[in-house]
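What follows is the residue order along each chain.
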Amino acid sequence: MEYSRKELLPGIFLTHLRSDKFKTACISLNLLTQLSRGTASMNALIPYVLRRGTTRYGDMEALSRRMDELYGTAIEPVVRRIGEIQCIGFYGSVPEDGYLPQGEKLLPQAIALMAEMLLAPNTRGGLLLPAYVDSEKEKLLERLRSRINDKRSYSLSRCIEEMCCFEDFAVSRLGSEDEAESINYKKLSRHYRSLLQSCPVELFYCGKAPFKKVCAAFKDALSAMPRGEIDYELGTDIRMNAIEDKPRYVEEQLDVGQGKLVMGFRLGECMEEPDIAAIHVFNAVYGSGSTSKLFMNVREKLSLCYYASSIAYIHKGLLLVASGIEFDKFEAAQDEILAQLEAVKKGEITEEEFTAAKRCVASDLRSLTDSQGELEGFYLSQTLDGLDYGPMELAELVEDVTKEDIVSIARSVECDMIYFLRGPEAEEASQEDMEDGQA
Amino acid sequence: MDRREYTNIGEVLYSSVLPNGLRLNVVPKAGFSTRYAVFATNYGGAHRRFSLDGKTVDTPAGVAHFLEHKMFDLPNGDNALNILSANGADPNAFTSSGVTCYYFSCTEGFEENLRMLLHFVSTPYFTAETVAKEQGIIAQEIRMGEDSPDSRVYYNLMEQLYSCHPIRDRVAGTVESIAQISHETLYNCHRAFYAPSNMALCVEGDVDPAAIERIALEVLGTDCAPVPRADFGAPESPLPAISVRRETMEVSSPLFLIGSKLDTEKSGEAAMRQRLVSRLALRMLCGASSPFYSRLYAQGILNRNFDYDTDFSAGTGTLIIGGESPEPEKVLRELEQEVEQVRLHGLDEGAFLRAKRATLGSTLRALEDFENVCVSLAVGLFDGYCALDGMAVLESISRRECEDFIIRALSSQKLALSIIEGKGA
Chain A
1 MEYSRKELLP GIFLTHLRSD KFKTACISLN LLTQLSRGTA SMNALIPYVL
51 RRGTTRYGDM EALSRRMDEL YGTAIEPVVR RIGEIQCIGF YGSVPEDGYL
101 PQGEKLLPQA IALMAEMLLA PNTRGGLLLP AYVDSEKEKL LERLRSRIND
151 KRSYSLSRCI EEMCCFEDFA VSRLGSEDEA ESINYKKLSR HYRSLLQSCP
201 VELFYCGKAP FKKVCAAFKD ALSAMPRGEI DYELGTDIRM NAIEDKPRYV
251 EEQLDVGQGK LVMGFRLGEC MEEPDIAAIH VFNAVYGSGS TSKLFMNVRE
301 KLSLCYYASS IAYIHKGLLL VASGIEFDKF EAAQDEILAQ LEAVKKGEIT
351 EEEFTAAKRC VASDLRSLTD SQGELEGFYL SQTLDGLDYG PMELAELVED
401 VTKEDIVSIA RSVECDMIYF LRGPEAEEAS QEDMEDGQA
Chain B
1 MDRREYTNIG EVLYSSVLPN GLRLNVVPKA GFSTRYAVFA TNYGGAHRRF
51 SLDGKTVDTP AGVAHFLEHK MFDLPNGDNA LNILSANGAD PNAFTSSGVT
101 CYYFSCTEGF EENLRMLLHF VSTPYFTAET VAKEQGIIAQ EIRMGEDSPD
151 SRVYYNLMEQ LYSCHPIRDR VAGTVESIAQ ISHETLYNCH RAFYAPSNMA
201 LCVEGDVDPA AIERIALEVL GTDCAPVPRA DFGAPESPLP AISVRRETME
251 VSSPLFLIGS KLDTEKSGEA AMRQRLVSRL ALRMLCGASS PFYSRLYAQG
301 ILNRNFDYDT DFSAGTGTLI IGGESPEPEK VLRELEQEVE QVRLHGLDEG
351 AFLRAKRATL GSTLRALEDF ENVCVSLAVG LFDGYCALDG MAVLESISRR
401 ECEDFIIRAL SSQKLALSII EGKGA
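Keeping their order, the protein sequence lines are chains A and B.
Using our numbering, the letters of the first sequence map in sequence onto residues 1 to 439.
Using our numbering, the letters of the second sequence map in sequence onto residues 1 to 425.
Keep in mind that the hints were calculated from the coordinates and are not lab data.
Among the clues, some could well be false.
[As the list claims (entries may be wrong)] DSSO-like cross-link-like pairs, simulated, lysine-lysine; straight-line CA separation at most 27 Å:
1) Lys23/A with Lys423/B
2) Lys21/A with Lys356/B
3) Lys403/A with Lys346/A
Please construct the entire structure, taking both the sequences and the accompanying hints into account.
Shown next, in the form of C-alpha cells:
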C-alpha cells in the first residue's frame, strides 16, 4: 500500500492509500473540532441534517436514489470522538469501476456528491430547513435517550462521565439531551457556516485510483468551500492522576438481571511520552483479549463474571475495565480485577502471556490492513497525533516491546472511579430467592 | 480440487468433497494478511429431535449452543481457545438456529491453527464436572439475553409466528432447559451431527487449497458417517399464531419487529434465488431510497435504526422488518398500504433497475468481509448452492418475481407485530 499525504486547499488535507486489493474504494471527509459541552450536539447534528437533502437532490429519497444510481455508493454521516477532538463528516464506500458495466467512472461522481452534501445543503433564505433540523434533532434526542438500551455500553459511558466530570472527555460524541434540546435551525445554520470556515478538514481515500486523480477530484469538488482563519489549536487535555486519594464510587439502579461493574483508571505518567506499542501490549496482557489476565482468571478460572475486559483510550490516557457480574459478586470481582493489575505491576507475567499478548496485538494491526474502514480510522487517529506511520510499522514496534516496558506502564496506572450498575433492591430476598423467582 | 473462476467479481473458488463427506471451499486471496477459516456443522438450536442408532432422541433447548461452549475443552485439560489465542489467532464460535460455526482468523501460522481447529471440533471431551461449571456461565449469558430488548423483541416475534417449530425457542435455551443437559447428551449430539459428512470447511486468504485439503484428510480421517435427519415437528400454518404482542421493558423508545413466515424452497439454485429475490423486493419496498421509508422517516415515525432481512434456517423462512418507532402500529398500517399499492399497480421499472444497481454495489462490499464470505459459502453448501453465484443470478431476476414475493409474503393476515414498550409509556 502506498501512502501519500498533501494539503489540497487551505487546511484541507488528503491521506491517500493506494491499494489494488479491494472491490470498493473508501472515501471520507472529516471536519475536526474541539469537543465541548456547548457545541457537541450541534456538531453531531450537522452531518445528519446535511444527509437530508442538497440543492440538487432536495430530500433524502432523492439523495438515496442518487446513491443507488451510483451502484449503491453509500455516503453516510459519521460522528466520532477521538480524545477530546470531535470529528464529524461522512464516510463513503464506492464500488471500483472494474466490477461495473464498461465505461462507468464512479469516483469523481461520488466525491462530487459527498462535497455537495457538505457544501450545498437544501436551504431556504440561506438557512438550513427547519423541518430537517427539527426532525434530525428529535432523532438525535432519541439516540441520546436510547443509550440506556444497551447496558454494556451505557455503563461504560456512565463511568467515563463520572470519572471525567471536570473534563471535556465526559461529553459524549453526541453531546447531551439538554444541549440538543436548545438547538434551532437558525443557531445551527450559523454554527454550520462557522465550522466550514474554521475547521481543519481531513480527507481519506483508499482504493485503486492514483494519488493525482484523487487530489484532482477532491480539489475540484471542494474549491468552492468558504474558508476563513483555520483553527489548528485542537487537542486533548490528559490528566495524569486520580482526582482523589481513593477511587470514587458511583452506583446506579436499573431494572436489570445482570450487574455491570466498570472500573476507570488513569494511565498516568506513562502518558508524558506515550509508547503506543507498549500501551497496546500492556492492555493485551492485562485485559483486552482472550489471553489476558482478566479473561483467564476473572472469567475462566474463578467464573466471577460473564465478561471482563479492558479498553484503552490512549488519546485521553484512560483504561476502563468492564465486566458483567451477578450482583453479589461485586466485591469479589472488584478485588480480583485490582489483584490482576497488581500482578502486572509486580512483573508476574509468564513468558506465554507476554508472547501471546504481543502476537495478538501485532496480528490485529496487520489484519487491520485488510479492512478499509479500519484503515480509515487508524490513519485519522494517527493524523490527530501528528504521526504518519502505518499499522505494519506499528506492528514492528510491538515486536520490540519488553516486559519491563509493560511493568513500568502498569506501575503508572491508577484507579480513579468505580461504577456499578445494579438491579432493583430485592424485597428482603436473598440472592437464591431471586434466582428462584426468575426461574 | 475443482477450480472455478468468477470473473465478474474477481474471485476464484476451489472446491471438493472429501472421502469422509466433508465439503470444502477455498477462496485464495493474494495480497491480504488475514487468513480466515470456518468449520461449520449443519446443526443448530432448532435441531432438537433426531434419530440416532434407529432411536428418536429428544434434547432440551440450548444443547447446540451448550455443546459449542464445551467443544473448546481438550482431553488433556487444555482449552483450544487459549491455544489458538496464544498462537496469535483470533478464534471464536457462534450458534444460530440452523448452524454452529467454529472459526478463527490469523496472520501467521495458518496451517497449524487450521489443524487445531479441525482437531478440537472433532474431539469431544465432556465430564459431569465441566458440564456443571458451564451451566453457571451459560445461565449468566441467558440472563444477559433476557435483559436485552433486541433479543426479547425478536424471540417474542418468533413465538408469535411459530406455534411449535423449535426455531421459536432461544438458541441458548433457558436456565431450566440447560439444567437438563448432561455430558451424555453432549456426546450423543456430537456423534450425530459432528461427523465430517454433516460439515463444511470454508477458507479465505493467501492460502494453498491443496494443502488445506490434505490437512483436512489427515486430521479428520476418511470415515464417512451417515448424515442425520432432524425432525422439526408438524408443518406450520402459513399464518402467525399470535398477531400482536406487547411487552414493557426499560427502553427509551419502543422497539418493534414485523414478521411473516415464507414458503421455502428446499435447496439448490431455487433456494438461493428465493433469498436474492426476497432481499431485492424488500429493498424496493422499504429500503433507504424507498418512498415508504423516506416518508415515515421525515414524519418521525422511523429513524435510522430500521432494517429488513430474511432468514432461512432449519427448514423455515422468516421475513423480518423493524427498528424503533413511537408508533409501531402505524408502521404496520403504512406497510400494508404499500403492499396494496404493489398489488394494484406493480413496482416501478426505474426503481427496480436502481435497486439492482445498488444491490450490485452492496454485494461487492459484502465480498470484502472474509467472515461473511466463508459463512455464506458454508450455509450455501448445506443448502445446495454456491454463494458466489449470487451476482450472476441477481442479473436474471425479474421485476415480476419481486412483485409476486411482496404480494405473497406480506399479505396482511400473514404479518405479526412484536413491540417492546418503555416503562413510562
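Okay, the hints, checked on the actual structure:
no.	hint	in the structure
1	Lys23/A with Lys423/B	46 Å, violated
2	Lys21/A with Lys356/B	24 Å, holds
3	Lys403/A with Lys346/A	11 Å, holds
In this structure, the one hint that does not hold is number 1.
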